[in-house]
Structure formats: structure tokens, C-alpha cells
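K.L.:
Sequence:
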Amino acid sequence: MSNNTKATYHCGDIAVEVPRKPDYINECQCSICRRYAAAWAYYHIPEVQIIKKDGASTKKYIWGDRLLEFHFCSKCGCIVFWWPREEVDGLPDDVGINTRMMEPEVLEGIERRVEEPGT
Numbered sequence: 001m002s003n004n005t006k007a008t009y010h011c012g013d014i015a016v017e018v019p020r021k022p023d024y025i026n027e028c029q030c031s032i033c034r035r036y037a038a039a040w041a042y043y044h045i046p047e048v049q050i051i052k053k054d055g056a057s058t059k060k061y062i063w064g065d066r067l068l069e070f071h072f073c074s075k076c077g078c079i080v081f082w083w084p085r086e087e088v089d090g091l092p093d094d095v096g097i098n099t100r101m102m103e104p105e106v107l108e109g110i111e112r113r114v115e116e117p118g119t
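Residue numbers for the sequence shown follow UniProt numbering, beginning at 1 and rising by one.
Just the calculated beta-carbon pair ranges, DEER-fashion:
no. : residue 1 : residue 2 : range
1   : ILE62     : ASP93     : 14 to 24 Å
2   : CYS30     : ASP54     : 27 to 37 Å
3   : ASN3      : ASP93     : 16 to 26 Å
4   : ALA37     : LYS6      : 16 to 26 Å
5   : PRO19     : ARG113    : 15 to 25 Å
6   : ARG35     : SER74     : 14 to 24 Å
7   : ASP93     : LYS52     : 16 to 26 Å
In silico BS3-like links for lysine-lysine, alpha-carbon gap of 30 Å or less:
no. : residue 1 : residue 2
8   : LYS53     : LYS75
9   : LYS21     : LYS6
10  : LYS21     : LYS60
11  : LYS60     : LYS6
12  : LYS21     : LYS52
Source of the hints: derived by calculation from the structure; they are not laboratory data.
As the structure is a prediction and not an experimental result, all values here were calculated from the model.
Cβ atoms here follow ideal geometry from the backbone N, Cα and C, with glycine treated the same way.
Build out the structure end to end from the sequences listed, making use of the hints.
P.N.:
Okay, here's the thing in C-alpha cells:
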């Protein structure tokens with residue numbers, strides 16, 4: 001039996017598969033994450049598999065210090081993940097997956113942290 005966990009998006013065109021449930025869920029309160037109402041789980045980039053149906057795509061939004069790309073589904077608009085920009089040195093090898101796209105029962109019992117702005 002696989003321990004993989006999947007996040008699927010409203011239209012069904014994109015899914016993200018990770019090897020395990022999140023260690024914790026971060027409800028970041030920075031200006032963009034608060035507006036997205038995202039709740040992030042963090043994984044190393046090689047652990048994440050992004051599955052797209054033929055023709056499915058994401059659009060990206062880059063702002064502020066331009067260190068991260070926020071990707072959202074081109075069809076339904078759901079925020080999918082953030083990813084460090086390749087050309088930026090010194091960033092961790094992590095990606096943030098929006099756990100709001102995972103089934104609620106998968107997330108039962110997982111610690112939720114509310115990150116204060118500026119942390």
C-alpha cells in the first residue's frame with residue numbers, strides 16, 4: 001500500500017503527488033499567502049510529482065523580492081504550489097504544496113501552524 005498523498009485541483013486537470021502526509025501545515029500570513037488563503041506543506045523538489053492532463057498548464061505570479069514563483073491552474077484558478085526561481089542562488093531545495101487541495105480526512109491530526117507576518 002502506497003503512502004503517497006495527492007492534491008487535486010477543482011477542474012481535475014492537475015494533481016500533485018507527494019510521498020507522505022505533511023509533517024505540519026503552515027498557514028502563512030504574508031501578504032500574498034493570506035490573500036490566497038493557502039495552507040502550505042513543504043517537500044524537497046525531487047519528492048514532488050506534478051501530474052497534468054494533456055493541454056493542462058499553470059500560470060505563474062512573481063512579485064516582491066522575486067525569489068518565488070506562485071503557480072495556479074490556468075483552467076480553474078486554484079493555487080497549486082510555489083517554487084523557488086531557478087536563477088536565484090541560496091534558496092532551499094523545497095517547494096510549497098497547497099494542502100487545501102488535499103482531501104480533509106488526509107490532513108486530520110496534522111499540526112497547523114500560523115506563521116506571523118515577517119517570519
